[in-house]
Amino acid sequence: MMEALDIFTTASLWGAVLRIATPLIFGTLGALICERSGVLNLGIEGIMTLGAMVAWMTVYQGGDLWTGLAVAAFCGGMFGLLHAFLTVPLGLSQHVTGLGITLFASSLTYFVYRLSLPVSSSPPTIEPFQPLAIPGLSDIPFLGEALFSQTAPTYLAILAAAVTAWVLAKTPLGLAVRMTGENPHAVEAQGLNPIRIRIGAIVVGSALMAVGGAFLTTATFNSFFPTMVQGRGWVCIALVVFASWQPGKALLGALLFALFDAYQLRLQHVVEGGVPYQLFLMVPYVLSIVALIVMSRRARVPNALMAPYRRGER
Amino acid sequence: MTRPPVLELSGITKRFGDLVANDDISLSLNQGELLALLGENGAGKTTLMNILFGHYTADSGEVRAFGDVLPPGKPSAAIEAGIGMVHQHFTLAGNLSVLDNVMIGTEGLGLFTSARRPARRKLTELAERFGLQVDPEAMISDLSVGERQRVEILKALYRDARVLILDEPTAVLTRIEADKLFETLRTMTETGLSLIFISHKLHEVMAASSRVVILRGGKVVAERNTADTDRAELAELMVGRRVVRPRRQDQRAGDTVFSARNVSVTQGERTLLDDVSFEVRSGEILGIIGVSGNGQATLGKLTCGLAEATQGDLTFDGRTAKGFTPHDLVESAAGRIPEDRNTEGAIGEMAVWENSVLERISEPRFNRRGFVNRKACRDYSAELIRRFDIRGATPDTGTRLLSGGNMQKMILGRNLASTPKFIVANQPTRGLDEGAIAAVHTELLAAREAGAAILLISEDLDEVNALSDRIQAIVKGRLSAPVAASEADSRRIGLMMAGIWEGEDAA
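Taken in sequence, the protein lines are chains A and B.
Counting from 1 along the first sequence, just add 9 to a position and that's the residue number in the working numbering.
Counting from 1 along the second sequence, just add 1 to a position and that's the residue number in the working numbering.
You may find that some hints are simply not true.
[What the hints assert, rightly or not] Straight-line alpha carbon distances no greater than 30 Å define the calculated DSS-like cross-link-like pairs of lysine-lysine that follow:
{"id": "1", "chain 1": "B", "residue 1": "181", "chain 2": "B", "residue 2": "202"}
{"id": "2", "chain 1": "B", "residue 1": "123", "chain 2": "A", "residue 2": "179"}
{"id": "3", "chain 1": "B", "residue 1": "422", "chain 2": "B", "residue 2": "323"}
{"id": "4", "chain 1": "B", "residue 1": "123", "chain 2": "B", "residue 2": "181"}
{"id": "5", "chain 1": "B", "residue 1": "477", "chain 2": "B", "residue 2": "323"}
{"id": "6", "chain 1": "B", "residue 1": "75", "chain 2": "A", "residue 2": "179"}
[Stated by the list, open to error] Computed footprint of chain A on chain B; a stretch qualifies when at least three of its residues, placed anywhere within it, have a C-beta under 8 Å from a C-beta of chain A:
{"id": "7", "segment": "91 to 98"}
{"id": "8", "segment": "102 to 114"}
Worth flagging that the hints you see were computed from the coordinates, not collected in a lab.
Just so it is clear, CB atoms sit at the ideal spot from N, CA and C, and this is done for glycine as well.
Using the sequences and the hints given, assemble the complete structure.
Spelled out as structure tokens, the structure:
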């Protein structure tokens, strides 16, 4: 029992939390931005898979790691544009379109991957992002190892959360996005174009999702395999609800989920005797559902979420 | 010498499919004027104002503001030109603050931060200058309807509007709020603003406007200086014929059909109805008058089978119970005209014929061994359309496409066609225009003559006076003792509506 608690005092656990949380932070922020403008983007799972492959492929073909992330963001944005085109001007069902985008992006990803690397018994690897120790801070005992020896994209994820929070809360653009998610007619009546705002939000959000996926192949692992996103996209969708559509809480939620995940990994080694490891794998998901039930009762859903906007209609 | 008009619409035509919503409309607005745009529902008033503001693009014609032609279809251009619009359905975001709602669209989208402090100062100044007090940091969802409207007006003023268009501004307001609004509007014209307000209510047009333009069937049919006209003339111009609201003829009431004895309805801590008693007799109309929000909704639910009494009993059709199910009521020939026809009265997505038979689909005439007999349903619906003069409808028309008045006629027809014993009519003419009101009143009186017991819940004093045999007032969930219509003058009813009736019982 004590050993199970001792895990919390190891710096490696906390280091792992940030690492595991990074793709979730990007993905959750991306989904949150889309939803704040009033559009659910269930294409996230596919867009993350796509981002993972595209970034990896760019680096594998000789590109820089950062170029890899940029290409992933661009491709994610393009799939976002497709989702936006179908759901905003055409007003199609956001559920169906999103799931379609996920299927399309995932299959296309695998297709392109197989096409460029027809034979591979073990997946080829790249040289991933290395931990970037922040001078000074990383020398602090415990905290240094836990928080300040991460790879660069992890710091970027936290920065992205801060920027998203600032933009949404403090800038005219953020107000326009929030208002579009609440009542697009109000936006139009004040002379702005809610359709453009929605499309923009979806493109930016989808780009963030793809960067989240790219982190998996450029930092967590060093190779690509088609099933690697493993439902992280769906977790992000749940985290948005958990976070009550607030970027700060989204960061917190992603970290909490990552903590459960990192903990169960270590717990598997501590607990002895006959407990199937799948039970441990379930822990973060079960706890997430519990947390979701507790938190979402107070959640504040954007009023116009999933309501297509058509000019001149009420 | 007259100054040039601030706003000029010329030759505006707009078609939606086959429907000509605006047919070659021209009108102008002068500086400092309070112009009323009067017309029935569906006359094209809102379409015209939406073209003016750039929500719609006209098929032909042009809009000039302060002499310059406005580019069509661009609300931003209209705002730029100093035109503000207060929509009938408020365009506010409930989860955001007043200040957020006012500031949206006023700053460049590329800015790193939003200048909220000067904005708050400007808003507060405007609010004080025009007597439109509202807390800038309050959430819209916490505001009353009247306060929300103030925010809508402030939004336009904040953007330096010099012309303000108000689309049916009093539709959702109480009488007191409406009077206050018109007072504010008059102060605004004194400071040089020019206003257009859309309405179908004659009394407010007479009371508030300086000039009236009357629209009918998408055309301008007349224009009057308010001082040179009267209600009767305006009514006739608006409807196109003389409209006379019918009045009740004396008639002896029969046996009690529906009654409530000491009924209370509580929900958690809140008491929605408090020890109310009433009885409705065959061939009479019992009017329940009161300012909306005093328990009418609960009373409506209780009598429509959607709520049960916590204490006390209801008696109907020889049965006494805490409440009846909608099924019981339909079986016992009760007709129900719910308060909100769009959400409770009809299903907008379905055709008129489907809505016509909704309550009676299990009757043998409408189904054969579990299959809908479409022909019988359509025939029945066509019969309703003919008998109750439901305009613009065929059995296959989508119900959403009907105007409010015609939808209400469909609901009435569906209920009255089978000579019900008991009818609940909850705010039956809310939002309807003169022609439709007269039609609804005529039908209700005909049902009374045929022996129905009618419970009329309304906040319209004229309506209750014209139709009811007896009147009870509802205040904070309590009902006054009934007063015979012959003894009810408007002063007495006014006192009753203010909750002053105690002591009279003893007398």
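Status of the hints after comparison with the structure:
1. B:181 - B:202: At roughly 16 Å apart (the allowed maximum being 30 Å), residue 202 of chain B and residue 181 of chain B satisfy the hint.
2. B:123 - A:179: It holds: about 19 Å lies between the C-alpha atoms, which stays within 30 Å.
3. B:422 - B:323: holds (20 Å)
4. B:123 - B:181: holds (23 Å)
5. B:477 - B:323: Given pair residue 477 of chain B, residue 323 of chain B holds - Cα atoms ~21 Å apart, limit 30 Å.
6. B:75 - A:179: Measuring from Cα to Cα gives roughly 27 Å; hence the hint holds.
7. 91 to 98: Result for this restraint: holds, n = 6.
8. 102 to 114: Our answer is that it holds, as 12 residues pass the Cβ test (under 8 Å) against chain A, meeting three.
Checked against the numbered hints given earlier, this structure breaks none of them.
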